[in-house]
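With chain A's structure known, arrange chain B on it following the hints.
Protein chains: 2
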Amino acid sequence: MTPEQFREQGYAVIDWITSYQQRVESFPVRSPARPGDIAGSLPLEIPTGGQDIGALLSDIDAFVMPGITHWQHPSFFAYFPANASGPAILGDLIASGLGVQGMVWATSPAATEVETRVLDWLAQMLDLPTCFHSSSAGGGVIQDTASTAVLTALVAALHRASHGQIRAAGFDRRYTVYSSEQAHSSVAKAVTIAGVGAANLRKIRTSSPGGPMDVDALAAAIRADVEAGAVPAFIVSAVGTTGTGAIDPTVEIARVARECGAWLHVDAAWAGVATVAPEYRAELNAGLEFADSYATNPHKWLLTNFDCDTFYVADRRSLTDALAENPEYLRTGESDAGSVIDYRDWHIQLGRRFRALKLWSVMRHYGAAGLAEHIRYTVALTDRLANRLRADDRFVVTHQQLSLLCFHLADPDPVRGSANTLALMHAINQSGLAYLSHTVIADRALIRVSVGTPTTTEAHMDQLYAELSAGFTSPPGRTV
Amino acid sequence: MTPEQFREQGYAVIDWITSYQQRVESFPVRSPARPGDIAGSLPLEIPTGGQDIGALLSDIDAFVMPGITHWQHPSFFAYFPANASGPAILGDLIASGLGVQGMVWATSPAATEVETRVLDWLAQMLDLPTCFHSSSAGGGVIQDTASTAVLTALVAALHRASHGQIRAAGFDRRYTVYSSEQAHSSVAKAVTIAGVGAANLRKIRTSSPGGPMDVDALAAAIRADVEAGAVPAFIVSAVGTTGTGAIDPTVEIARVARECGAWLHVDAAWAGVATVAPEYRAELNAGLEFADSYATNPHKWLLTNFDCDTFYVADRRSLTDALAENPEYLRTGESDAGSVIDYRDWHIQLGRRFRALKLWSVMRHYGAAGLAEHIRYTVALTDRLANRLRADDRFVVTHQQLSLLCFHLADPDPVRGSANTLALMHAINQSGLAYLSHTVIADRALIRVSVGTPTTTEAHMDQLYAELSAGFTSPPGRTV
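As they're listed, the protein sequences go chains A and B.
For reference, each letter of the first sequence is one residue, going 0 to 479 in numbering that gives the first Met the number 0.
For reference, each letter of the second sequence is one residue, going 0 to 479 in numbering that gives the first Met the number 0.
No lab work stands behind these hints, which were simulated from the structure alone.
Keep in mind that a hint or two might mislead.
[Said to hold, decoys possible] The calculated SDA-like cross-link candidates involving lysine to any residue, where the alpha carbons are at most 20 Å apart (straight line), are:
1) B:Lys-202 to A:Ala-167
2) A:Lys-202 to A:Ser-184
3) B:Lys-202 to A:Glu-324
4) A:Lys-202 to B:Tyr-328
5) A:Lys-202 to B:Lys-202
If you're wondering where the values come from, they're calculated on a predicted model, not measured in any experiment.
So here's chain A without its partners, still in its complex pose:
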């Protein structure tokens, strides 16, 4: 493809995305496809060459769009949003065009140094403690997801706890890991990958159903483990759990972590970026100065398209000690001299895209004030729905945190109430008018409403309330 052809076909793709943005509300939010529908509509034969992008776009319209669940639809409330804002898409496109791979500083100095600076800017915007700024012993790096971040933190924690023995000789089953029972599933997955074993993951009870971690229970579990000869290596404090948005008490957890020497990782994947609005800092950033690592995802709620997790450590040598490999073909003078950052040693992968560009683009378009406005507006939209549900005795709001809301149908019988709550959710999801998800807390099924798509307005919240209200009395809500 010549540059001139690229320009022409590139315009066509930009036009297509523009049109998609204009008509996103015309689609059912959740794809109505059944298993195999989309695969069945695609040819079995390998595509022949010589087709321009217009042919691909036509086939996407015809065969792919029926299988798309529209994360960018303003009535997408099922999962934490994956914000594909214009500035982010275009920043990412610039990175694709440059096509550089910043695995070590020398393979594109700007890819490393812009990332370092952008992550320092973000640390300032979120008012993160100075231990996470690159001017200290720590610093930040872009990871793909908070799952990878927690695995990276766990590997560094095990390296520190074992004084390098795991890396040298292998894991030996003495190490224990702690999180709230409401922590994200990626903690358990990291425990599996790092060889800790499920039996050595303590899922600490919450102080209320779906609430924050019970720190007394954490301290008791650690005491029992230490008495039994285990080495507590890693504690996760969840700032905004996935299920209900609970905020673990990081300050108290940090005290426990310090006493036993465990690594403290704060997983604020969704909620952390809310601190771009200063009024949320006191609650969400409390205790971060005691954390060894911290992760939050601009791709969830800061208008930056997936993937963009920002991961900070207080001691960058803890990562490079745990992870660095130095094959001859990747040795460079600057790396050998220790005068540069080689981000390959800060995560699982070797290769890496220039993802800082999209975050930079977002910062320049919206600025800190614009991003704070996005946070505040989506919280206000959530409040709007919460207030209507609270005023309606057919619903019971159980959890509200920032832009996440959990509720169930009022019913003294939890089994019947759960069934009807899920039936209501399924009916709305099937309608295509909105997309909701669920969780189960204390044997009660709860509907989760997560707000954050930039095009969502009060009208969409009111429409959702109307659907919930109408669904309550309609057959799908009663038939189970």
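Frame of chain A; chain B shown alone:
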């Protein structure tokens, strides 16, 4: 950003990339930036908002481009290429515009089903054995990198070898891992992350310097380990080592793997995609039907922009058994019924982009024939340079494999010869006319020339020969 603003600013970015493609040769291939240069040119203050993409592009031109090492430059020969072809960039852009996240089937059925189909098409194009097609018990998934693929394979291998005991109770130091001493550094990194320990990684000697794995040495190492009570769990066969392009004898390695029950992973990250040209299949695909897993990277040499590693397993349950977590908020009816693929259980991360679109776009633009032509042409360019170096008694070509060439200056003294070889490489890299890398084999420094950028022509190869030839007699080649 409104859709109309997105269109206008999107055109500007497309224009900028078009211009970049047109003028890429005007830049020094390797950035001349010194550590801190780029960071020092950026402001310390957080960007203010309200700026359009033109302001970002201006700053990129002024402050970022001096720090870019141009992977898309036709004289970039340092690492395996990261092909940012037009169709790939635009396929990726479509994915960004849709902004869907295919962690489970239900969160966008098309993201899963198109990926499954595209990976089946690729399996056909590369003539991979049917065990890797989704119609069998196996199938393919897109990973970010071959590093993540080998870690995923290792975790599945350890799960199988331990009959689930590692996942349940933790790693217990009985398991051993094997690769050639020339295998990629990601094998050692995966061994670290999974807790195997460096002491349990056997780096098997090669049958010649920089050559393929010595299978007798592998068999002997495994016998000794088994006698000592270890459980051989994982063997990597490298089809195209990073340093020299050596091709391990997968058929013989598979025999050893079968005897001891170890998982066989074939890492063909760079070389594997060459089998789109049928004449390479006999050598590169030999023995794949005995492998448990296989990885090759369209982002290296198949005109698909980073990141796109394609990872295939013969038994997809080996992945889901080892990795699946099933939190309530991610449970769906289709997943519970087992009627769909949830790719989150096939890799480390939970979230995932719709990367199949860019691979599909590449297939439709180039077709199998066009992709084979790209492979053949870049191999022919490599041959062209190799033939000239072989005909020139100032150079010794030590390794040539597909589009990778290794050589050193003729000098009976390996210390002096290595120093002068590296000095020649540094001089060319500093000139900005081409970018080369090196490796060390048997105490000899070798220059690596990796060809594969789609705009590279015979003239660029001839220019490189001229630079090597001129550099040989110039001071930088003599001063060390």
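Verification of the hints:
no.	hint	verdict
1	B:Lys-202 to A:Ala-167	holds, 14 Å
2	A:Lys-202 to A:Ser-184	holds, 11 Å
3	B:Lys-202 to A:Glu-324	holds, 14 Å
4	A:Lys-202 to B:Tyr-328	holds, 17 Å
5	A:Lys-202 to B:Lys-202	violated, 38 Å
The structure is inconsistent with hint 5 alone, although it conforms to all the rest.
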